[in-house]
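So the sequence lines, in the order shown, correspond to chains A and B. Taking the UniProt record's numbering, the leading residue of the first sequence gets 1, the next gets one more, and so forth. Taking the UniProt record's numbering, the leading residue of the second sequence gets 1, the next gets one more, and so forth.
Don't read these hints as lab results, they were simulated from the structure. Among these hints, one or two may not hold up.
Put simply, identical chains are the same to the list, so a pair is met inside one copy or across any two.
Claimed, not checked - Restricting the straight-line Cα-Cα distance to at most 30 Å, the calculated cross-link-like pairs of lysine-lysine (DSBU-like) are:
(1) 136 <-> 162
(2) 21 <-> 63
(3) 31 <-> 118
(4) 136 <-> 253
Number of protein chains: 2
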Amino acid sequence: MEIHHPYLLFLGDVPDALAAKTGLGIVDWRKEWCVGQYRLYGCNADANLPDMAPGEAAANGAKTMIVGAVNAGGVLPDHWVESIVAALEAGMDVASGLHMRLSDVPAIRDTAARTGRKLFDVRHSAERFSTGKGTKRSGKRLLTVGTDCSVGKKYAALALEKGMRDQGFDADFRATGQTGVFISGRGVALDAVVADFISGAAEWISPDADEAHWDVVEGQGSLYHPSFAGVTLGLLHGSQPDAFVVCHEPTRKTMRGVQTPLPSIQDVIDLTVRCGRLTNPAIRCVGIAVNTAALGEDEARKLLETISVDHDLPATDPVRFGVEAIVERIGKEFGNP
Amino acid sequence: MEIHHPYLLFLGDVPDALAAKTGLGIVDWRKEWCVGQYRLYGCNADANLPDMAPGEAAANGAKTMIVGAVNAGGVLPDHWVESIVAALEAGMDVASGLHMRLSDVPAIRDTAARTGRKLFDVRHSAERFSTGKGTKRSGKRLLTVGTDCSVGKKYAALALEKGMRDQGFDADFRATGQTGVFISGRGVALDAVVADFISGAAEWISPDADEAHWDVVEGQGSLYHPSFAGVTLGLLHGSQPDAFVVCHEPTRKTMRGVQTPLPSIQDVIDLTVRCGRLTNPAIRCVGIAVNTAALGEDEARKLLETISVDHDLPATDPVRFGVEAIVERIGKEFGNP
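Throw the hints in and build the complete structure from the sequences for me.
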């Protein structure tokens, strides 16, 4: 699966920015891939792109329209179907992260068949995976892990890809969630894979590579999250990381969506090493990424300093202070390019 | 989902007993539910049941025909379709553990619709699960875990259900694999659930119950198996066991299907306790079930004695020596009925 850019971002008529977070996440990282946004009357999200309809976007080179918004209930409203059909008619492929398959809507399916355009449902991988094998592959891998869900694992991985490339590393972001798939044009939404194939899918996204090559793998969930730890463990085993970065949100008391208390950073390091050794005995932590958005700058710097000293690892907020310290550590531990 | 018995076991024309292991597993545990077997010319498996065709089975009270065999490739051969259609015409439901859905075959789907019979594809749960919540539920739970796949977790759970009931416990086997689903008439084939819902499905199969009630949950995979550990961890978190039994095969050197060495029993106890505490802080091991089929009786007794002393836990081979010692331990630790 390879989703071709440039993209037209379809934001529908969603009531707020949160409902368009997939689309906005794409713009954050791949603005140069986005020729415009296509909004319906009443849309309250704004990606700060030129507004354009499918015909104009296609004329401007757009290859794929991304359904980068989700309405209440996650279903595809009837009045969006017409917009998707229009994109296909204009010559674009359409990619969606909705739970519902585009191809389950007869008007969309029929138009795609007639025009020869592709439909991508990233929550429904068409790829047939093997079960994981656990065999060591060539090349190097870094995985972002978390004390919780939604603590910046995707952001940290993308920032590390960029930071490592800036220092001359041969590094590629590997997407494991839907927004990540749109940002990189490929990958697998792991949460949608059948349970038996989690680690197999993780092996598939980070295949054998040159010894100096780094896959920077987007983490999912947390080994301590009672809803999603199975996905996290399968991803850890399948991606067999040489290095991992712990992502953390310091103001959170309970884990997202449940009443379970947050684990400590040290808990996460220990359990990740213990479980990760199964497929990579040399696994080690190379840094801590902390989301300090809720703190003032002084407070943030102080917290990062404390966390860094406590764990004897570089600690940074990738958004606020960049990831240079972690990239430097990777170079020290594994060799610079 | 409730699959109604009595069953007619369809074994097709499979070349050997291994290809009919689902059907034979049902007979091992629920012979009283099986009115007969339906075999096609050339079948080399034998469940030691009266041979009968669908009409005769239905006249003898059979409510469901179980497709208890799998041909090479796991697909449904054309010449089996006719047999399935005949079962529906005779008034039976049909349940299958094949990867392919019965309802994807037009002749089967149409006949089921016309006759009003049900089709069960246990590898494709029709149930919509929630994500796991990790909240403590009432009642007690026991989970079988393993040093590897295929080390007797289902057998141990079924033997414990029986042994506990014999001692007056209110205990119910909870199936998490396809054969287990046929044996109990309900449950979920966890390996076929979408990754995000593993622990949620495990919560669903072992709901709130009387304080004295025991769910005896069939384990899956191993926390140390690089292919399936994600399923194992989600099942552990979702089933939130009070007690667990480690299942082990002492002659195995590497894990099933991969090159990874087998963990020790102690490794499995330690990691199960460590991870299981997330949803049940009081989790503890209550016994070890060892498959000693490859050993002579003296050797087997000696090995069990050593394992028992080493871990300060009852150790037994459920097939050879029963599970009384483990049931006794459960009574001591949690109270007898």
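Here is how each hint holds up against the structure:
1. 136 <-> 162: Classified as within; 26 Å inside a copy, 43 Å across copies.
2. 21 <-> 63: Classified as within: same-chain Cα gap 21 Å, cross-chain 50 Å, threshold 30 Å.
3. 31 <-> 118: Only inside one copy: residue 31 and residue 118 sit 23 Å apart there, 51 Å across copies, limit 30 Å.
4. 136 <-> 253: Intra 37 Å, inter 19 Å, cutoff 30 Å: inter-copy only.
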